[in-house]
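Quick mapping for you: the protein sequence lines, in order, are chains A and B. Just so you know, we're using our numbering here: the first sequence kicks off at 1296 and counts up by one. Just so you know, we're using our numbering here: the second sequence kicks off at 23 and counts up by one.
If you're looking for bench data, these hints aren't it; they were derived computationally from the structure. A hint or two may mislead.
Unchecked claim - Here are a few chain B residues that sit away from chain A, every Cβ distance over 10 Å (derived from the structure):
hint: 1; residue: I36
hint: 2; residue: T265
hint: 3; residue: T267
hint: 4; residue: E316
hint: 5; residue: G422
As the list claims (entries may be wrong) - No farther apart than 30 Å at their CA atoms in a straight line, the calculated lysine-lysine pairs in the BS3-like style are these:
hint: 6; chain 1: A; residue 1: K1344; chain 2: B; residue 2: K110
hint: 7; chain 1: B; residue 1: K375; chain 2: B; residue 2: K266
hint: 8; chain 1: B; residue 1: K161; chain 2: A; residue 2: K1344
hint: 9; chain 1: B; residue 1: K251; chain 2: A; residue 2: K1344
hint: 10; chain 1: B; residue 1: K251; chain 2: B; residue 2: K401
hint: 11; chain 1: A; residue 1: K1400; chain 2: A; residue 2: K1414
hint: 12; chain 1: A; residue 1: K1398; chain 2: B; residue 2: K311
hint: 13; chain 1: B; residue 1: K375; chain 2: A; residue 2: K1344
hint: 14; chain 1: B; residue 1: K366; chain 2: B; residue 2: K161
hint: 15; chain 1: B; residue 1: K110; chain 2: B; residue 2: K311
hint: 16; chain 1: A; residue 1: K1344; chain 2: B; residue 2: K401
Stated by the list, open to error - Covered stretches of chain B (chain A as the covering partner; in silico rule of three or more C-beta atoms under 8 Å from a C-beta of chain A):
hint: 17; segment: 152-166
hint: 18; segment: 171-178
hint: 19; segment: 274-280
Yeah, the Cβ is synthetic: ideal placement off N, Cα and C, and Gly gets one too.
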Amino acid sequence: MTIQEALMLNGPIPNAADALSVGLLVTVTGLIIVFSVLVILMCVLVGMKYIFAPKTKKAEKTVEQVVTAPVVSAENEEDEEELIAVLTAAIASSLNTSTYNLKIKSFKRVMNSAPAWNKAGLNDTINSRF
Amino acid sequence: MLESLISFAQSTGINALIEMFKSGNMVEAIGTPIMLIIACVLLYLAIVKKFEPLLLLPIAFGMLLTNLPVFSGAIMHPEFFTDPQFLKADGSLDMGLILHDGGLLDLLYLGVKLGIYPPLIFLGVGAMTDFAPLISNPKSILLGAAAPFGVFFTFIGALLLGSLVPGIDFGIKEAASIGIIGGADGPTAIYVTKTLAAGLLPAIAVAAYSYMALIPVIQPPIMRLMTTKKERGIVMEQLREVTKTERIVFPIVVTIVVALIVPDALSLVGMLMLGNLMKECGVVDRLSKTVQNELMNIVTIFLGLTVGATATAENFLSLNTIGIIALGLIAFCFSTAGGLLLGKIMCKLSGGKINPLIGAAGVSAVPMAARVAQVEGQKENPSNFLLMHAMGPNVAGVIGSAVAAGVFLSMFAG
């Protein structure tokens, strides 16, 4: 049975074998068309990438550096993961790269040796920005 | 005085109900109260359970309105659009009759029947969609074939059901409309159904929107069944940034490509891309806001209300509806499975760089399906963020199901 004949029926296809063959025919044709549209769009997108995308040099360097973290309050051991996440994000943003390219190997706390008035002034400035 | 009271009593709905029982038309007499109960259940699902309330609420209320027993002043006449008795000899709509005798909802329903609302909704959807994840990872567009997988397999299922089960009369056009449920895209399903099988419109719309709301329930078991723990835990590389030029060129190019290959999908895809262009170009912010909010909301009300209003007892209470509800679930499952399968193939081909879960997002149903992929990925690996990766296949699914709709229309319409 062809698709045209099935359309002429204007109702269910009486024979299950016919129904299956017509269904498969439509399915195969349909999937081929859908796939080809998607593949063409994919090619177009890949083409667009070469024409319009900014030329980025591969930033695959793993930055290894010891970060000195002037943390004001005393952190607990359990906060360490969170702290590392914050450090990674901060470094990534200051180096203009992705966090994926960074690996924090170690960090060292440095004592804040600034005079008390400086600290107070810094806190004031931070608080006024909230 | 008494006479006018009597004539008023005769015009009430209570009298209409009594007459209905007297007339012996049992489908209407028993069916009407059942339809009212179904409408109330749907209202409950929309309001209390929050199943796609923005659509289900108008649909359910439309159902309620159309099934209230009245003789004169009925606001909807579904028979004007489907019953050969009211159509012109060549099967086209009798516009004069509709404009002259039609009620409020008949006139609004013209927007569905003439294929106006679904493309307008797509305009809004386009303005809300971010295609950047797709542009930055072109391969993920292939996962958009997940939705068509479900669509075509359900199409075969519906054809078989039609030929094997006596009470169900699914011909090739009905089967196509039911299959489109697998595209998990309400407007597309409505657009195809109103052209190919208008009688099934309410059942298909209700099935499509209900299953879309149930995506977070339907998908996870299939995802867990088809992927290994290790695959679900794959962390994908961060996406590259997409320039503004690319964002602007994309909708224009897609429109041209789709128009050249599947012109029947153009009214859906064209509107989707116009909406997206409005959002991305940045010079028509006012228009973009309007199509995302006001226009979309207005059209949603009209669409939901009138689609619900086509659900009369004889249209809705049949074996066909049960068949559609069952096939709709199968459609969603097959789409998900197809997407996962494609995802697994791409995972193998890419050497384990692609998490197969994002394939399941290819069923369309933006953004629910992408969110499900994100949640499932995070269950295996709490530091895994799949959302943006899943948005690529997710929006590709919209394009895929619109193209599948175009294929059906070009084969069967007319």
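Structure-based check of all given hints:
1. I36: holds (39 Å)
2. T265: violated (6 Å)
3. T267: violated (5 Å)
4. E316: holds (31 Å)
5. G422: At roughly 6 Å from the nearest Cβ of chain A, G422(B) sits no farther out than 10 Å, so the non-interface label is violated.
6. K1344(A) with K110(B): Judged against 30 Å, a Cα distance of about 53 Å means the pair is violated.
7. K375(B) with K266(B): Judged against 30 Å, a Cα distance of about 27 Å means the pair holds.
8. K161(B) with K1344(A): holds (12 Å)
9. K251(B) with K1344(A): Given pair K251(B), K1344(A) is violated - Cα atoms ~33 Å apart, limit 30 Å.
10. K251(B) with K401(B): holds (10 Å)
11. K1400(A) with K1414(A): holds (29 Å)
12. K1398(A) with K311(B): violated (42 Å)
13. K375(B) with K1344(A): Cα-Cα ~20 Å, so holds.
14. K366(B) with K161(B): Satisfied, since the Cα-Cα distance of roughly 13 Å is no more than 30 Å.
15. K110(B) with K311(B): Judged against 30 Å, a Cα distance of about 41 Å means the pair is violated.
16. K1344(A) with K401(B): Violated - the C-alpha atoms of K401(B) and K1344(A) are around 33 Å apart, more than 30 Å.
17. 152-166: holds (count 7)
18. 171-178: holds (count 6)
19. 274-280: holds (count 4)
Going through the hint list in order, the structure does not satisfy hints 2, 3, 5, 6, 9, 12, 15, 16.
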